[in-house]
Amino acid sequence: RCHHRSTAMLDVPFLPFCAFLGTLGLLCVAMVGTWCQHWRGGFSLDGSSRTFNWHPMLMVMGLVVLYGAAALVYRIPNTWSGPKLPWKVLHSSLALGAFVLTVLGLVAVFRFHNSQGTPNMYSLHSWMGLGTVLLFSCQWAAGFGAFLLPWAPTWLRALYKPIHVFFGSTILMLSVASCVSGINEKLFFSLKNGTMEYKLLPAEAVFANTLGLLIL
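In full-length UniProt numbering, the protein residues as written are 1 to 216.
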């Protein structure tokens with residue numbers, strides 16, 4: 001039975017699927033970097049638009065790539081015969097890393113807005129994004145307390161587990177929606193005063209739209 005469980009991951013295309021998603025994640029990060037570097041002037045911490053460029057980069061790395069990796073790791077213990085604690089620690093660590101990158105991404109956009117005198121938190125994208133981050137923080141804290149701290153009773157873990165799974169999937173979907181809406185919003189703002197309008201579909205729009213599809 002143990003042998004059957006330990007080889008279950010090899011009986012289905014789970015590992016190739018993980019490799020495929022990992023490749024897509026790295027491609028998304030590379031495309032965000034290329035977009036910001038080639039069309040938006042690169043990266044900086046001086047409060048200019050180049051400071052803003054850290055926002056999409058860190059958000060995609062955190063909310064999409066690392067958080068998605070954490071979601072995959074969460075599902076590995078069901079098909080693995082060894083102890084689950086190392087996988088729980090890895091799941092929690094990836095989620096924490098995603099949260100740290102996300103907070104840094106928020107710092108970047110607030111710093112840019114404040115330095116330019118631009119109002120904060122007025123768009124649907126910003127509301128959705130901040131709501132996602134707040135849910136994310138509650139999800140991580142509750143999961144850490146329920147599954148990693150030794151004082152949590154078994155009945156509490158069993159009761160909370162389906163809730164944790166539900167909100168984990170919900171947060172991932174909200175993360176993707178926030179990133180895609182942010183890409184669309186950035187294109188509208190950036191191309192409005194550019195050499196070619198968004199509706200004319202310049203190369204930057206094609207590139208960023210493709211990035212959005214890959215994130216989905």
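I should point out that these hints are in silico values taken from the structure, not numbers from a laboratory. Cβ atoms here follow ideal geometry from the backbone N, Cα and C, with glycine treated the same way. Be careful, since some hints might not be right.
Cut-off 20 Å, straight-line C-alpha distance, at most; resulting in silico cross-link-like pairs (PhoX-like, lysine-lysine) [what the hints assert, rightly or not]:
| id | residue 1 | residue 2 |
| --- | --- | --- |
| 1 | Lys199 | Lys186 |
| 2 | Lys186 | Lys84 |
| 3 | Lys186 | Lys88 |
Computed beta-carbon distance windows for the label pairs [stated by the list, open to error]:
| id | residue 1 | residue 2 | range |
| --- | --- | --- | --- |
| 4 | Cys138 | Glu197 | 23 to 31 Å |
| 5 | Ala152 | Leu200 | 27 to 35 Å |
| 6 | Asn120 | Leu159 | 32 to 40 Å |
| 7 | Phe17 | Lys199 | 53 to 61 Å |
| 8 | Phe110 | Val29 | 16 to 24 Å |
| 9 | Thr210 | Ser93 | 25 to 33 Å |
| 10 | Ile76 | Ile163 | 16 to 24 Å |
Now the hints, each set against the structure:
1. Lys199 <-> Lys186: Holds - the C-alpha atoms of Lys186 and Lys199 are around 14 Å apart, at most 20 Å.
2. Lys186 <-> Lys84: 42 Å, violated
3. Lys186 <-> Lys88: 36 Å, violated
4. Cys138 <-> Glu197: 23 to 31 Å: Because 41 Å falls outside the window, the suggested range is violated.
5. Ala152 <-> Leu200: 27 to 35 Å: At roughly 56 Å between Cβ atoms, Leu200 and Ala152 fall outside 27 to 35 Å, so the hint is violated.
6. Asn120 <-> Leu159: 32 to 40 Å: Given a distance of about 38 Å, which is inside 32 to 40 Å, the answer is holds.
7. Phe17 <-> Lys199: 53 to 61 Å: 37 Å, violated
8. Phe110 <-> Val29: 16 to 24 Å: Taking Cβ atoms as reference, Phe110 and Val29 lie about 22 Å apart, which means the hint holds.
9. Thr210 <-> Ser93: 25 to 33 Å: 31 Å, holds
10. Ile76 <-> Ile163: 16 to 24 Å: The hinted range 16 to 24 Å holds for Ile76 and Ile163, with Cβ atoms some 20 Å apart.
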